[in-house]
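Okay, here's what each chain looks like letter by letter:
Protein chains: 2
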Amino acid sequence: MFESAELGHRIPKEVWEREVPPLREALLDAQYDLASAKRFPVILLVAGVDGSGKSETVNTLNEWMDPRHIQTVGLDAPSDEERERPHMWRYWRALPPKGKIGIFDGSWYTWPILERAYGRSKTSDLDQDMARVARFEQMLIHEGALVLKFWMHLGKDVQRKRLKGLEKDPKTRWRVTERDWEHFERYDTFRQVSERALRATSTADAPWIVVEATDPRYQRLTVGKVLLEALRARLDTPAAAPTSLAAEPRVAVDQVNVLKALDLTQRLDKQDYEEALLTYQGRLNRLTRHSNFRKHSVVLAFEGMDAAGKGGGIRRITQALDARLYQIHPVAAPTEEERAQPYLWRFWRYLPRRGKVAIFDRSWYGRVLVERVEGFCSEADWRRAYSEINEFEDQIVRSRSILLKFWLSVSLDEQLRRFQERQDTPFKRFKITDEDWRNREKWPAYEAAVCEMLDRTSTEIAPWTLVESENKYFGRIKMLRTICKRLEDEL
Amino acid sequence: MFESAELGHRIPKEVWEREVPPLREALLDAQYDLASAKRFPVILLVAGVDGSGKSETVNTLNEWMDPRHIQTVGLDAPSDEERERPHMWRYWRALPPKGKIGIFDGSWYTWPILERAYGRSKTSDLDQDMARVARFEQMLIHEGALVLKFWMHLGKDVQRKRLKGLEKDPKTRWRVTERDWEHFERYDTFRQVSERALRATSTADAPWIVVEATDPRYQRLTVGKVLLEALRARLDTPAAAPTSLAAEPRVAVDQVNVLKALDLTQRLDKQDYEEALLTYQGRLNRLTRHSNFRKHSVVLAFEGMDAAGKGGGIRRITQALDARLYQIHPVAAPTEEERAQPYLWRFWRYLPRRGKVAIFDRSWYGRVLVERVEGFCSEADWRRAYSEINEFEDQIVRSRSILLKFWLSVSLDEQLRRFQERQDTPFKRFKITDEDWRNREKWPAYEAAVCEMLDRTSTEIAPWTLVESENKYFGRIKMLRTICKRLEDEL
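Protein chains in written order, with the numbering used here: chain P, 274 to 764; chain V, 274 to 764.
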């Protein structure tokens, strides 16, 4: 993998002086096209061994281009707000919006490679991490990002010389730390681990570009030219027309599905409900004061047809919680800043810190429900969303977050009854819109989408809870009981 | 101040049961009007002595209304990301957008009052803090927020009984901490300090509403009714038509002004420039590696007429910096999320952590420059902006941030020359727009706005540096030298 980066590539000074000025102009030009079209973001990773001129290369790119449209991200120690969320949260919050170039000096590769090289993790851990990284990058690419990954390589001898050279010069001595030498002693291990990581993540859409770092001129010219070529190729290809065909519900050979299999006749009478409500709200309240509660965060997602009882259910839950603990995120159309980012970004941004509860009233499942049925995204987009969502939830769960997902089920008849009731109740008037009536007509399409969603995303780590919500009392108690049960298991 | 809150107000159960249902309906109704109109945010503070049912009141409001449109903020310990920024940053980031209700349980009052009550600060400190708070709230109100401040009051005997009562009941014992008793021992001091704080911040637009907390029914009904009344009053008043008259430049009695007094003939020849550039960039680079650099953050703001050399100046500065240290924020039209917040919010959000540099290419001064001249805001808006900006900068500086502001000055002739040059240079084409030509015609109006800005915002703590930028070389070196000098003084 590193062989062609040990050939002693060099660029003579006169070539450099001839080639850099037009390259800079062309890069600037491409950058302005990027900034004005705002069609896609550029994510550029600079990785590699110590002393291989990573930050110098990053600085050169900032110098050559207009730094106002570049976001450079260094890998500082994570802040406490970052440590309390899934590992990838700090990268999600640093993603460049469409039209900008985000340069990552240190990235999602740094930690897994270091851990493995120091023997603090196993090869199988590295492989798993790299598989996750590959899926993450695949998602970025599907969401339109141009992903460029540069690996700066130095042969062992060259690296030793480089470190010694830096150390000798009083002006650069500060840059060589003990940690650099410590890493150097593990050069062979690092090489082996890095090669394994690169192999696993060198995909067709985001291959690693290994750059020999012996000669800075060669190194920077290579990075600049690869970036230019990739930028131009994307900019000069017209944006593909979004293929947003509304998907037809697929005909099932029988009429059986998980939703229809639910027993919607289950009910609680008012008195039993009120008693159970007090019991479970009390239990839930005590659980949030459990000493272990602060070691976790809680994510609750509520989905269901219109008028299925999401709002009422959520209120019965929040009644049991201290208002300072939770934040409800009603999910509607994304904002401008959210539209400039990958689809899941708007949900990542609201993941809670430890000891806090995030409640999503509708959620990331909009992608495979409303966006699918209404044709707001292409079939390819919602098809890949299942695995992206599973990945997202895997990361939530792995960060010691407690995730619960509820599907609230009502019959078409009951929905009609509730719509009519709402229209007759003055202070609930807001709740019923023309769109709600239109959505009713698409019930079969929604039902098909829901069934496929449940099939594909009810996983062992993040199972769906199906809530028979035909009788509101029954539904609410089922949700409260499920949450209490789950917290008791986890705390 | 607290007398009428020690009268033993009580609401009998039957009154409560009669009045609460219609109050809830009316509150919900008002809340939906608020959410759909998105005209203003509601900022509701709940403060007062310990054990006075603050969080119970907050929970009641969340229960009565739709918690999906409420953001409740508790006062946890500040995170490291918050500690490294001005004190008010954590409140700015928690401000509700237009259409939402933000409830603060603990607020910008908590800390100053505690510090004074424990004798860790002086009365004069408290007075200064409260003056700042009053200015902050005044700004929120001018920006359209509805600000409601509730102070929950308990007489000394009642508080003692309340704490003992809570302690006795095994279900509530956990809620009484040693700190509560410690506070109680200082009841009289707290009362005196609170009264002073409340007096200083009870303004016509945001008066304190002192609520007796002895009887929970009285307390909650009062808060609910005051909130409803205030909401309805604002909602039922049609939005005032924005009085956005473009301001005429005021005629000066002579032609002398600070801009005209600048000696724009100052220049550097290319060779001197290149030498000086190397020297100052080297100095700047070394300064950013000074061990004290990490104890500060740096904020640089650049303003100037079009083509005055802001971009080029910024690049000569960033060339000296590690790209991971800085972030450039080009200031253009605000995003949708920014428009839902007070004007300064979009700048607060980008204030840097310690050890980092935030560079604003155009800045918060847009309010008193382009927005004033083009009539994008009312005269009242830009007039009050001067003191709001001074306040903002005061907070930046007091948080150990190093703030520098540059005005880049060119003549009308030189601007024309640069415009023409840009139009003739293919890869700079992006830089010159019709708007730039239009702005030229408004030069006198801009000049008047700039002079007034300099007069009103060049303060001892945050002076403007006027940069004679007619000769780019001279201007760039002056900026670099100023930054080096300032860092040397501070580090």
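Calculated from the structure, these hints are not laboratory results. Hints are supplied without guarantee of correctness; some may be wrong.
[Unchecked claim] As a list, the in silico SDA-like pairs of lysine to any residue whose alpha-carbon atoms are at most 25 Å apart:
id : chain 1 : residue 1 : chain 2 : residue 2
1  : P       : K568      : V       : R452
2  : P       : K437      : V       : R562
3  : P       : K286      : V       : T730
4  : P       : K444      : V       : R556
5  : V       : K327      : P       : R559
6  : P       : K429      : P       : G584
7  : V       : K327      : P       : K286
8  : P       : K286      : V       : R562
9  : V       : K373      : P       : K437
10 : V       : K311      : P       : D430
11 : V       : K371      : P       : D634
12 : V       : K437      : V       : S328
13 : V       : K373      : P       : K286
14 : V       : K327      : P       : K429
15 : P       : K373      : V       : G585
16 : P       : K568      : V       : K441
17 : P       : K444      : V       : K311
18 : P       : K373      : V       : H602
19 : V       : K758      : V       : T730
On a predicted model such as this, the values are computed, not experimentally measured, just so you know.
Sort out which numbered hints this structure fails and list those numbers smallest first. 3, 6, 7, 8, 9, 10, 13, 14, 16, 17
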